[in-house]
Amino acid sequence: MATVYLPDDAAAIAVGADRVAKALTEEAQKRGLELDIVRTGTRGMLFLEPLVEVEKDGVRTGYGPVAPGDVAGLFDADFLSGGDHDLALGAVEELDWFKNQTRVTFARVGRIDPLNLQQYEAEGGLKGLRKALEIGGEAVVEAVTESGLRGRGGAGFPTGIKWKTVLGRTEAEKYVVCNADEGDSGTFADRILMEGDPSTLIEGMAIAAVTVGAEDGFIYIRSEYPHAIAKTKAAAKAWEAAGWLGEDVLGSGKRFRFHVRTGAGSYVCGEESAMLESLEGKRGEVRAKPPIPAIHGLFGKPTVVNNVLSFAAVPQILADGAKSYAGYGMERSRGTTAWQLAGNIKHGGLYEAPFGITLRELVQEIGGGTLSGRPVRAVQVGGPLGAYLPESMLDLPMDYEAFIAAGAMVGHGGVVVFDDSVDMARQARFAMEFCAAESCGKCTPCRVGAVRGVETVDKIIAGSDVSENVALLEDLCETMTDGSLCAMGGLTPMPVTSALRWFSEDFDVGGKTR
Amino acid sequence: MSDHHEVTSIARGARGRAPGNSDALLEILHAIQERFGYVPESAIALIAEELNLSRAEVHGVVTFYHDFRSEPAGRSVVKLCRAEACQAVGSETVAAEAEQKFGVRFGQTSADGAVTLETIYCLGNCALGPSALVDGELYGRVTADTLAELVSERAAASKTNGAG
Ligand SMILES: Cc1cc2nc3c(=O)[nH]c(=O)nc-3n(C[C@H](O)[C@H](O)[C@H](O)COP(=O)(O)O)c2cc1C
Ligand code: SF4
Ligand code: FES
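Going line by line, the protein sequences match chains A and B.
With positions in the first sequence counted from 1, the corresponding number in our numbering is that position plus 459.
With positions in the second sequence counted from 1, the corresponding number in our numbering is that position plus 282.
None of these hints come from the bench; they were simulated from the model.
Don't be surprised by glycine CBs; every beta carbon is placed ideally from N, CA and C.
Just to be clear, a hint being listed does not mean it is correct.
[As the list claims (entries may be wrong)] As a list, the in silico DSS-like pairs of lysine-lysine whose alpha-carbon atoms are at most 30 Å apart:
1. A:K748 <-> A:K901
2. A:K805 <-> B:K383
3. A:K481 <-> B:K441
4. A:K713 <-> A:K692
5. A:K623 <-> A:K782
[What the hints assert, rightly or not] Restraint-style ranges between C-beta atoms, simulated for each label pair:
6. A:E514 <-> B:T290: 47 to 55 Å
7. A:K692 <-> B:G389: 28 to 36 Å
8. B:A338 <-> A:A930: 38 to 46 Å
9. A:T903 <-> B:T401: 24 to 32 Å
10. A:T903 <-> B:E431: 44 to 52 Å
11. B:E374 <-> A:E927: 24 to 32 Å
12. B:E374 <-> A:E605: 46 to 54 Å
13. A:A896 <-> B:A438: 29 to 37 Å
Pulled out of the complex, with its shape left as it was, chain B reads as follows (with noise of 0.2 Å):
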């Protein structure tokens, strides 16, 4: 399997860069993610065996950190930010009106598979905020109206990619 190949040459290659032992491993799984949009657990087993580590032990750090989802993601990801600074300008507010819009609660991907919508806690744009990653993109002073039609233009903007 291509997928095997692929997880396994990502260790070893994170590896040799990193001048410790198992230090690597934050970069593997980021690497991971960013290739197949998420930790697959068939990996988990590889990356193990790459970093001579027990499989528990990878576990553990995938479930630590926030970062690292274990099932794909929607089609595109909105993480509204919901901390302090944001909610001073209404981010409760956007939070309540885009899991309306999006038909989904936070933590959650809508049944079609278009958005999964997160809660994010800073994206360091607190003095514009309520602040918004779509798809890895930084939005300020976002309402639940821009979030939608970002959305859907990204949406609309990949149908025109696929189909071209």
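Bound-form chain A, shown alone (with noise of 0.2 Å):
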């Protein structure tokens, strides 16, 4: 029997992934061939999905992006022994766009079955959680704090010192939580490791939870992701059934019990606090800090809280110790993370890679530049809440301290490409408008000033009063910076204030009519 690998990935399916497994069923039972299509995760490379794999002496080669109409001629092809097709690629793993890459989290994506847990152990899994078994908390919160590993939803903190302050916590009950709702533009790595290899990150919150002592564990996924949340749940159905987790957790006799939480379409519920309410079933507002979730987080315990790839870094650190971790990456941005090209984009797709990589390489040499053919304008990094940069800027490199030098924020590594079609003064106006539908409402620089801030865009878009109101929403950032309870409010005028610095001419400041 002929195997072909074809991703389940949601990104795949927008594009029409389950229509060619279907068309690739039916034009094998035409031909009377028997077709084992294994569905995996994406290898990253969107640009190319649906993507279709073969495997021959152990290489797998590909072919895409595949139409349900382009099967007929793959089978025709003897695409089944690497046959020679117009989609045909060669092999996979060896695409530059592959091959350059470095792969440490998501080393498995693409390649197994997602809820294939022998393919996933014989593959490396299961290395870390055994070895955090064996070398016990204090060691594991050694190694992740040697590795340099940060915070990858946003904040960029130090992974280790949140895994200490829950473990030198004496309370009896403490929990886990896992930031699954990847709210930013731009962004699907989250999603992508779920659909693809959530054993992963099961491990990885296993590995946070035997070390700090807490035997329940949560992941909130937004609903938006209902292929991940599936996934997910598959994953641990079956870590359960292997005795990888639940009452004892790999004969260990600690106890280690997984629930997966669905959101319901708030952004402002991937901020740490706001999401702990959400679990809770309460409306979705940000608690006042201090105290920090380390301290009293979820029911008010000792809680660690930290995004998808945070915790799925963990089990590589272990497995292959934290000094190869820590061997990638520039200054105090250590290891790899996935970078995720989007928007108007030629090749876009998640790429792993250390930091230090610049914007250049990854929008320019990497995403092959714009979709639409037409010059890069502007590039938004890290989400609505990041700023928006200019053709200029893109040799920064990619770090965290750098960004913040260049009063941006690398976030959790969404780069969005705009062109020279872009109007900067409506990029701006939407920031305000997203913080305006978004605000979890609990305080005034927030709440008020980004409907305050809509209007005085509209203004300047209109033409009145171009240089009082352009002074006025400058006036309006500086007090959402500064009185914002959380960075929803707080950070909302850094794309706002970059728009109005490096695309000033789209503001009409020197007075011209629209």
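Take the two lone chains, each set in its own frame, and fit them into one complex as the hints suggest.
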């Protein structure tokens, strides 16, 4: 029986992967061939989806992007034996786009059947958890700290320090919570991991739990991700059935129960304290800090809250050693992360590489410039609260501190490209509009400021008292930055002021009429 | 009334599974909406009673989250992503054309009840935008034409199913 691999990643399905699967099955039947279609995660080369792979002598050859109408032709070309065809890409892992990555956290994604635990273990899975059980909590915290891992959710807080705080608490009840709310536009790495290799995430959370002494773990997945929710639930079930989760984790005598929860369409619920409120069944309103969640978290108990990618980095850190992970990156940004190339980009997708790679490499070399073929004008990094950067800033290295120094942020690693048709005054308006729509409403600078912000940008766009209104907008941004309780209101000014700074011509400050 | 029993049993079932007290509320509301297509006002009182919360508390949660609707939706629900990465590939043009095509504004249901058009911010398909959910199915690289086709395909399919 011939085997073909085809992603069931949501992005691949969005461009027809399920229809291709159906066409493959029907065509094989017609030709009297037996075909086994293994649905994997995506390789991350989303511009090639749906990407069909066949294995020959241990090498996987790719064809893509495949439309249902191409399928008969593929059989005619004998693609099952690696035959030549217009869509033939050659060995998938030899493609520059794939080969030049440093796949650490995403090493198995796209290769394995995401729910096949034997394959997971055969490809290096469980090593980290076994190690954690062997060396104990203190040593795990030490390794995570030494690896230099910082939170991948946006704030970049050292993960080891957070775990140490929770480990040091004496309360009997503690929790581990995974933030899979991934609301930033231009990001999809959490989703791709949950769909392509959920076991790595579960293993990371289990390591955190046995390390700090938590017996229950929650993952909060946004409702916009039904595929990721289904995969994560199915994987957790398989883990329980295998005795890797539950009352006796891998025979260690330790208990770890895993709970999947669904968000309900609120961006601010990605903020960790709003997420905890939401997990408790309440309105997703941000809590005042202190106390921090590590001390007073879910149900008031000490809680480790981390992003999907932060947890998912840990198994490999323990398996390969902290030094190996810390060996990647630059300055205080250690390791690799998943850069997500999105928006108006020719070769969009997920690219895992060490910190220190430049924005230009990501956008121009790897991403191939814009999809429209027009010049790149602006790049927004770090989601809706991140800065808009002009083409002249593309040599910035992807590094937490270098971005802060440039008035920007790396955030969750999303890179959204715009061509020269973009109107940056409209983008500034949208930043305020988004904040007004998603504000939790708890503090005035954010709740009222965002609405005022929209009105003010509207006046600028209409050309009325432009310089006064720009000055007003700048004041408003300052008030929001200084007076907001959380980064929703506190960082909304970042896209606005960066647009004003780098693209002032779009605001007609010179007094021209629009 | 059987709806009454159903709401209560959904609430009880979810509560029984959750380790905390009223933390099951979101799961319950999702289940109710899945079953009825929206969260009816009458369900709020029943849920409040089951979870030992006030009606105002449950109501406050329902209104906080964009997912929960308090009115039934159209036969098809089109949620178009209008966040930045999709804007960069023309989602605002798609949005304007979709309003024309369906004859509704965002946030509304067409007069014949055929379509509800809604804004959504990011579907995690930002490399292949503009993205949309049509009755829960994800589509990339959409235009207003493809959205209209998808809606009429679905309408035709449900008619055949209804007749057959
Ligand atoms: C408005 C807002 C939205 C956020 N959304 C997310 C999110 O979707 N996912 C995430 O991991 N962190 C998000 N964060 C950051 C979290 O508050 C928190 O820093 C993070 O979950 C901690 O995990 P980490 O240290 O592993 O990054 C958001 C923060 C704010 C202010
Ligand atoms: S800044 Fe905005 S989102 Fe954050 S607490 Fe204040 S009102 Fe809520
Ligand atoms: S911005 Fe539209 S799918 Fe992410």
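Decide if the proposed pair is consistent with the structure: A:K481 and B:K441, CA atoms, cutoff 30 Å inclusive. At roughly 24 Å apart (the allowed maximum being 30 Å), B:K441 and A:K481 satisfy the hint.
Range hint 46 to 54 Å (beta carbons of B:E374 and A:E605) holds or violated: Holds: the Cβ-Cβ distance is about 47 Å, inside 46 to 54 Å.
Just tell me: holds or violated, for the beta carbon distance of A:E514 and B:T290 against 47 to 55 Å? holds (53 Å)
Holds or violated: A:K623 and A:K782, Cα atoms, limit 30 Å. This hinted pair holds, its Cα atoms lying about 19 Å apart.
For B:A338 and A:A930, compare the CB-CB distance with the range 38 to 46 Å and indicate the outcome. For A:A930 against B:A338, whose Cβ atoms are near 42 Å apart, the range 38 to 46 Å holds.
Verdict for A:K692, B:G389 (Cβ pair) under range 28 to 36 Å: Given about 31 Å between the Cβ atoms, the range holds.
Does the hinted range 44 to 52 Å hold for A:T903 and B:E431 at CB? About 46 Å separates the Cβ atoms of A:T903 and B:E431, which means 44 to 52 Å holds.
Starting from A:K748, check that the Cα of A:K901 is at most 30 Å away, please. The hint holds at about 13 Å.
Between A:T903 and B:T401, does the C-beta distance stay in 24 to 32 Å? Since A:T903 and B:T401 have Cβ atoms about 25 Å apart, the given range 24 to 32 Å holds.
Starting from A:K713, check that the Cα of A:K692 is at most 30 Å away, please. holds (21 Å)
Lying within 29 to 37 Å: is that true of the beta-carbon distance A:A896 to B:A438? Holds: the Cβ-Cβ distance is about 34 Å, inside 29 to 37 Å.
For the hint 24 to 32 Å, verify it against the beta carbon of B:E374 and that of A:E927. holds (28 Å)
Every hint from the earlier list agrees with this structure, and none is contradicted.
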